[in-house]
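Here the protein sequences come in this chain order: A and B.
Quick note on numbering: the first sequence equals residues 1 to 440 in the numbering used here.
Quick note on numbering: the second sequence equals residues 1 to 271 in the numbering used here.
Simulated DEER-style distance windows between Cβ atoms:
| id | chain 1 | residue 1 | chain 2 | residue 2 | range |
| --- | --- | --- | --- | --- | --- |
| 1 | A | 431 | B | 217 | 23 to 29 Å |
| 2 | A | 329 | B | 18 | 22 to 28 Å |
| 3 | A | 326 | B | 17 | 30 to 36 Å |
| 4 | A | 3 | B | 173 | 39 to 45 Å |
Far from chain A, some chain B residues (derived; all Cβ distances over 12 Å):
| id | residue |
| --- | --- |
| 5 | 1 |
| 6 | 5 |
| 7 | 6 |
| 8 | 8 |
| 9 | 15 |
| 10 | 25 |
| 11 | 30 |
| 12 | 121 |
| 13 | 135 |
| 14 | 201 |
| 15 | 223 |
| 16 | 224 |
| 17 | 227 |
| 18 | 235 |
Think of the hints as simulated: they come from the structure by calculation, not from any bench.
Beta carbons are placed, not taken as given, at the ideal position from N, Cα and C, and that holds for glycine.
Chain by chain, the residues:
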Amino acid sequence: MKFWSVLKLSFHNLANNKLRTFLTVVVLFIMAAVVMLMTGFGMSFFNSIGASTDKAMNEGDSRVSITEQCSYVDDVGYERHEAANFMDNTVVEQVMDVYKSEENIFHTIEFSTFYGANLSVSNQISQFSVSPKPMYMGANQFAGQKDYLTAGRMWNISDENTTNAWVSDTLMEKYELGDTIKFEENENTFTICGFLVSDLNKDPYSQGGIELFIDYKLFDDTTMSKTSEGQVYYNGELVINKIILNTFHDKDNMFTDSIVSDLKGFKKSLNSVDNYDDDGIYVQSSILDELKFAMMMKIMVLAVIIFVSVLIILLSIGSVSNTIKITVEQNRKFFGMMKAIGMQNKTVRRVVQWQAIVMVLIGTVLATGLTIGLMYMVEPIVAMMMASVFGEGAIIIAGLPIYIPFVVFFALVGFVLLFTVKNLNKISKMDVISVISEVN
Amino acid sequence: MIKLINVNKIYGKADSAVHALKDVNLELEEGKFISIVGKSGSGKSTLMNIIGALDSVTSGEIECRGNVLCKMNDVKLANYRNKNIGYIFQSFYLEPTFTVLENVAMPLTIAGVKRSVRELAAMEAISKLGISDKTTKKASELSGGQKQRVSIARAIVHNPDIILADEPTGNLDSQNGSEVIRLLQSICDEGKTVILVTHNIDDAKKTDIMIEIKDGVVANIIHHTEEEKLAAQHASDYDEQGNLKEKNMLDNKDEEATIPTSDVATEGAEL
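The following block holds chain A by itself, in its conformation from the complex (with noise of 0.2 Å):
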């Protein structure tokens, strides 16, 4: 039997029961737009946390450099400090002292955003460099010496020609939450836990010295969860042992001073942060928490979806099967007149087959109307859910992807399929000349 000609039976015993018909497909229709707007609104916040996620883990050029217990007192302005004014490393031991002074709390940790190309800091920065060797030397001035002592290490030109040049551009690697980094010195690893933000958006160069400094907001989002006694802890893991704010212009040297007095006013400042207790210790949580927590929201997200949605499948499938159920009894005559003048049973099956199919697509097709216009709604709803996890910063990308209707549907088919194959296995046992006998 062709196609067309089956497909014209499944209309035809659909339409010969409009009520029950119509019936299944509206609870098809609600089932599916149920299915739809979950995994619709599911899918909006599951992509925004993946996209706000992304971006917290890639976003930014905001690098830092963290060199172990060597202060880097870098240039100002245009005015740069020959890189063998560091020789002597005294202004170096100078700062070193004033945090050794300070309980050693902080490695050196330096922002390298003034130098990087793009200046802009977001709240949400999680990817940056660090480099183990100190950021800047101007080439020409070491032109042809080999190992420098620069922020308290030596390290190798290797290309005496080099011209005056950004060296930690080309020595700077990146880092992602979670890497080690080594340092050759004393073999000390670490791993990165956190990053340090900055509300700079604006060139230090032009800021220039201790104000710029003191407009870091260090350590606002980072993510030592302890520190004692100069060290941080993560998860209970010594990661970092003494960190050293490091950051700052000082032309000429000229401000060690003030750099140290600022320095102690930002500690001060640091302790006043809510997220400091009252032994200093930096309680706020690790963005690597906030992310675990963002991928559990996911996952819980992705989890709700698929459960409600096969539930609701199974229902729809209770539906769709019990009106196959009753088709099949309503049309015994039907079906065993058809099969008296030939038609085979699997015909017979694909005519019940395709009413459930017809139903589904109709039901489906209804469903994915409704969830599109309703798609409009959940947007909002995932901005605001979005905002009090992510904060201002967060990715929106609500809408319904353009396969869950296929998704659905086809679902919804297999599953009504499998779940009638009993009742097409009676069409199949269908005795032809007991239907006979009931009608004669």
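Please build the complex by placing chain B on the supplied structure of chain A, with the hints as guidance.
Chain B only, in chain A's frame:
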């Protein structure tokens, strides 16, 4: 030739088993109008169903025009029924929401025949049965006699070799019943084998061969001469006073009917 060799049919098992047919051996000649008569439960419908490949035998063999039905699987049997058998049921078995044309064309639809071809064939069959004016009517809108004509048209539309009619007159009044028998005779005259299952002896007397089934056994096979058939037809056409009974013509007034009425049947008898 339709051959039944030691055919047994048992329904049920053990104590509840019913032996519907017992060692039935028959050879039915093609192109004949054959009736199977017997009381209710005698096994006549079972015999027809087995010949029509609607039912299987418990033991024995059945061969229709070279096809050994016992060896066929469900698919082949379905195809066999679709191509070789035309069924006429007592309750017509028309789909009430289909038009006459759709009902008649159904065997061809199932066979996957192209729409234009099947509609042409259906129109031809409808025309033969004299119900051309009902083509677009729904089956539910027809009278009993008209429904049976549609049923007969459906049985012949695919040009089968064998027409099986199970109590086709059972739901009709005597005149419409008589008309149906005439139509079956005319189909037989076109070379088809028509097997009529009936408990009406008067109808059976109008057939070439009357097979009497009794308790699942072939009790009698009676060959009717043309004269006997004519007499039986005459008896149903005229009342006891010799007056021609008013013909209802299956509720049909269609003048285009090409299937011979009693007059043509008489002509056929003279031949």
